[in-house]
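Q: Chain by chain, the residues:
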Amino acid sequence: MIELFNNLFFDHTLRTVALGAGALGIVSGALGSFAVLRRQSLLGDAISHAALPGIALAFLLTGNKSALVLLSGAAIAGAIATWLVTNIAGLTRVKYDSALGIILSVFFGFGLVLLTYIQKQPNANQAGLEKYLFGQAAAIVEKDVLIMAGLGLVALFLLFLFWKEFKLLSFDRDFGTTMGYPMALIDFVLTTLLVLAIVIGLQTVGVVLMSAMLIAPAVAARQWTDNLAIMVLLAAFFGALAGVSGTVASSTISRMPAGPAIVVAVSFLVVLSILFAPRRGVIWQRGRDYLLRQRFRALGGKKDV
Amino acid sequence: MFSPQVEIMLIASVVAVACAIVGVFLVLRSMAMMSDAISHSVLLGIVLAFFLTRDLASPALIIGAAVMGLITVFLVEMLHQTRLVYEDAAIGIVFPLLFSIAVILISRHAANIHLDTDAVLLGELAFAPFDRFIYQGVDLGPKALYIMGAILMVNIFFITIFFKELKIVTFDPQLAAVLGISPVVVHYALMSLVSITAVGAFDAVGSILVVALMIAPPATAYLLTDRLHIMIGLSALLGVASALGGYAMAHYLDASIAGSMATVAGLIFAIAFLFAPGRGLLSVAKRRVEQRWNFALVTLAIHLWHREKLSPVVGNAYAIQELRQHLRWSSTYFTSVMERALKQGLIAKRDQYVQLTEEGRNLAREGQGF
Amino acid sequence: MPTNALDVSDLTVAYKEKPVLWDIDLTVPPAVLLAVIGPNGAGKTTLIKSILGLIPTVAGSVRIYGRPYKEQRKQVAYVPQRGTVDWDFPTSVLDVVTMGLYGTLGWLKRPGKKEKKLAMEALEMVAMQDYAHRQISQLSGGQQQRVFLARALVQQAEIYFMDEPFQGVDAMTEKAILRLLKDLRSAGKTVIVVHHDLQTVPEYFDWVTLLNTRLVANGPMEEVFTEANLEKAYGGRFMQLKATARALP
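Protein chains in written order, with numbering that gives the first Met the number 0: chain R, 0 to 304; chain W, 0 to 369; chain L, 0 to 248.
Hints are supplied without guarantee of correctness; some may be wrong.
[To be verified] Listed next, the stretches of chain W that the computed footprint assigns to chain R, with coverage defined by at least 3 CB atoms under 8 Å from CB atoms of chain R:
| no. | segment |
| --- | --- |
| 1 | 27 to 33 |
| 2 | 77 to 83 |
| 3 | 86 to 99 |
[Said to hold, decoys possible] Computed cross-link-like contacts, EDC-like style, restricted to lysine to aspartate or glutamate with a CA-CA straight-line distance of at most 16 Å:
| no. | chain 1 | residue 1 | chain 2 | residue 2 |
| --- | --- | --- | --- | --- |
| 4 | R | 94 | W | 225 |
| 5 | R | 130 | R | 143 |
| 6 | L | 115 | L | 129 |
| 7 | R | 119 | W | 253 |
| 8 | R | 64 | R | 143 |
| 9 | L | 181 | L | 205 |
Hints in this document: simulated from the structure, not taken from any laboratory.
From a predicted model like this one, the values you see are computed outputs, not experimental measurements.
Glycine included, C-beta positions come from ideal geometry on N, C-alpha and C.
Modelling step: build the complete structure from the supplied sequences, incorporating the hints.
A: Here it is, written out as structure tokens:
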């Protein structure tokens with residue numbers, strides 16, 4: 000245990016990786032809260048899968064492998080995917096879930112075509128694009144962490160700035176419109192931040208599992224509080240906790256992939272919260288029901304009417 | 000038996016049809032994302048079954064996978080029923096967890112398992128012909144073809160036998176319950192089919208592209224027809240088209256076959272999305288424009304008609320200038336509406352005055368609905 | 000000539016294939032308590048949503064106190080149907096009511112002490128001050144409706160649009176809400192209510208708009224709420240309704 004903390008503070012690689020995962024956890028937890036409350040949990044899944052062709056195309060077009068270039072491609076592809084999902088569901092009879100499924104799988108399939116195409120190019124020093132599938136925390140260097148932290152700070156700052164507007168959008172969009180707020184624009188900004196949060200996580204967790212980092216911390220946090228601000232802070236904390244513990248597990252246990260480890264950690268937090276959270280938690284509810292029944296019986300009531 | 004190319008196309012087509020016909024019900028029941036969840040979590044079933052049997056060819060793997068698919072459905076429902084988690088969030092929590100556990104197990108025991116996470120995720124159809132089904136020294140063709148063929152048969156059998164039940168449960172679950180058809184039983188039966196189809200298919204195309212084959216062709220068919228049995232047939236056909244088109248594309252680009260199939264399935268959907276008669280974007284836009292003109296014409300007719308009744312003048316001719324002020328339309332819009340009305344014989348024009356024709360009066364009456 | 004509270008002219012709204020509202024012309028004087036009634040699918044909710052700019056219109060214009068709606072937003076308050084929001088949203092009663100002040104606050108500014116105080120006053124008006132810090136999921140249907148009303152009250156508007164405020168509330172809340180609406184009218188405010196219970200129309204309202212895709216009638220209750228008009232709006236269904244509509248004048 001002591002050795003672990005020692006490593007966390009003094010082992011340069013581990014510290015870098017843990018910092019990156021922590022930053023990712025904070026941002027995805029905070030923005031994921033809004034995605035969950037707006038019933039857009041699975042949109043995050045579609046966006047992260049759709050990022051793959053963006054990454055591949057960015058590489059094909061620029062020949063550049065730096066994280067910033069590839070992640071820009073990912074962000075653009077994610078934004079296009081979101082736009083398509085909304086319009087397919089809005090303009091035709093095809094429903095939202097089908098639109099999500101199509102965009103998610105078709106974008107991912109196209110990304111795969113590009114990826115395999117790149118691999119067969121003779122000149123390509125392509126190695127490394129695959130790491131975006133499952134993420135590769137160990138390959139994260141200081142520069143990546145700086146990019147992640149920079150993007151994350153921008154996202155969190157905007158979230159803080161437009162807090163009131165985002166809350167209004169999530170709770171009662173029509174009411175906001177009647178007060179004169181351009182809700183479509185506010186929606187666009189919040190969705191862009193969601194894309195940003197996903198992009199930040201791609202290197203560490205990968206496109207396949209990124210959606211869990213949006214959903215799980217928020218769902219866990221929701222159980223402990225009825226206050227949006229506390230929920231967002233708690234989700235950020237849970238996200239960071241899972242991120243750090245997942246990467247630490249990955250670096251201390253041999254052949255433990257970081258992305259899945261993070262997901263298991265965050266799912267553990269969900270289970271804990273759903274079972275043990277005061278008032279909302281399952282055990283709390285069961286206990287309350289039990290006490291009520293006891294009191295009822297003490298008053299002379301009959302069992303199961 | 001055949002050349003490997005033909006075998007690959009054959010396997011791809013069988014996979015596509017098997018996926019498409021169960022996918023129809025997922026699309027109609029708004030459960031498309033369940034295919035995403037199931038196709039990921041079946042991996043855990045395969046891994047666990049492998050630990051028990053130590054045999055990658057064992058049929059127990061398919062059973063294990065199908066059971067895990069049902070467990071996924073069950074866990075999602077359980078989470079949702081606590082009323083603490085929205086349904087979409089429940090899906091988004093359960094399958095990444097099960098999939099992560101599977102990936103961890105695979106990488107921890109990589110030396111013992113010939114399962115490669117990349118292959119699971121992405122599939123590799125090109126290798127399918129190498130795994131032969133050999134009985135008493137006779138090569139009967141690729142194993143994948145037999146497995147997928149069997150799964151396809153099961154799907155067809157189930158959907159044919161229980162067509163009526165599936166239809167009622169899909170379109171009117173309450174009526175189904177009244178008629179004594181348990182929606183729950185049908186639901187879990189359908190989810191079992193999705194699970195075994197996902198297991199069989201992901202060997203060939205990988206877990207994420209199973210979603211493409213299950214959702215894209217049925218959603219395309221949904222844009223083209225209203226009849227359930229036509230939708231099923233059309234989905235199967237579109238699935239085969241995606242499979243063959245995808246193979247051609249992969250061959251041309253020397254790229255992933257599964258990815259190409261998904262891409263082609265997406266392109267076919269895009270074509271239907273834009274051009275489907277009646278429901279595509281183009282028809283909808285065209286209809287909206289026509290509708291706007293029709294509204295304008297009816298509004299004009301009703302307006303003139305009202306004035307005939309309320310303030311009759313000789314010959315019922317009204318000054319165009321005055322009319323425009325009343326309708327408050329922009330002058331270009333007003334001019335084109337007037338042109339259309341003239342062309343359709345709804346109004347007659349003399350100098351700067353217009354009057355309603357009998358035809359125009361009829362339109363106004365119709366528009367008023369009295 | 001006194002200004003009308005609401006002027007709607009040539010309002011036409013289409014949803015997909017069908018016209019939902021056809022060529023509606025409507026004038027409403029200030030300080031009335033108006034019921035928008037009509038059969039299911041008559042476009043009652045659509046009418047107020049399109050007046051408020053929540054649904055795109057094919058044609059028509061809306062004026063509030065003589066000026067275009069966009070200039071008059073601050074004079075308008077809206078109470079949507081209760082079921083349109085997620086009552087499990089992690090927020091408190093006071094917070095929801097404070098949202099009514101976001102319009103006057105404008106971009107980026109946060110609600111402060113002054114806003115909290117105004118919100119508390121609005122809550123007192125609906126007798127919900129004791130629930131200010133409750134989570135909204137712990138409220139009954141009637142309490143939720145009161146919270147929505149408080150959110151509209153805090154807007155201190157001149158004209159109120161309410162979509163089925165009596166839907167699914169208990170008898171006591173219904174009385175309380177009615178008293179509040181009548182108080183608003185006495186204070187010179189205009190209150191436009193989508194309503195579906197014909198029986199209570201004469202008792203609750205003094206102005207009626209009868210709608211069935213088109214405008215059937217609009218005017219003072221005594222003039223408009225007649226058997227002939229109701230039959231026009233409800234058609235054959237009116238015969239069945241007649242038995243229940245004993246309250247007809």
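Q: Please work out if residue 64 of chain R and residue 143 of chain R have their alpha carbons no farther apart than 16 Å.
A: Holds: residue 64 of chain R and residue 143 of chain R sit about 12 Å apart, inside 16 Å.
Q: Would the pair residue 130 of chain R and residue 143 of chain R pass a check requiring their Cα atoms to be no farther apart than 16 Å?
A: Within the cut-off at roughly 14 Å; holds.
Q: Quickly compare the C-alpha distance for residue 115 of chain L and residue 129 of chain L to 16 Å and report which way the hint goes.
A: Between residue 115 of chain L and residue 129 of chain L the Cα gap is close to 14 Å, so the pair holds against 16 Å.
Q: Next pair to validate is residue 94 of chain R with residue 225 of chain W; report whether the Cα-Cα distance is within 16 Å.
A: Holds, because 15 Å separates the two Cα atoms, which is no more than 16 Å.
Q: Is residue 119 of chain R within 16 Å of residue 253 of chain W, Cα to Cα?
A: Satisfied, since the Cα-Cα distance of roughly 8 Å is no more than 16 Å.
Q: Would the hint linking residue 181 of chain L and residue 205 of chain L be met if the CA-CA limit is 16 Å?
A: holds (10 Å)
Q: State whether the coverage of the segment 86 to 99 of chain W by chain R holds or is violated, taking the criterion as 3 or more residues with Cβ-Cβ distances under 8 Å.
A: holds (count 9)
Q: For the segment 27 to 33 of chain W, do three or more residues have a beta carbon lying closer than 8 Å to a beta carbon of chain R?
A: Contact hint for the segment 27 to 33 of chain W vs chain R: holds, 4 residues under 8 Å.
Q: Between the segment 77 to 83 of chain W and chain R, see if three or more residues pass the 8 Å beta-carbon test, and mark the coverage as holds or violated.
A: Contact hint for the segment 77 to 83 of chain W vs chain R: holds, 3 residues under 8 Å.
Comparing the model with each earlier hint shows no violations; every hint is respected.
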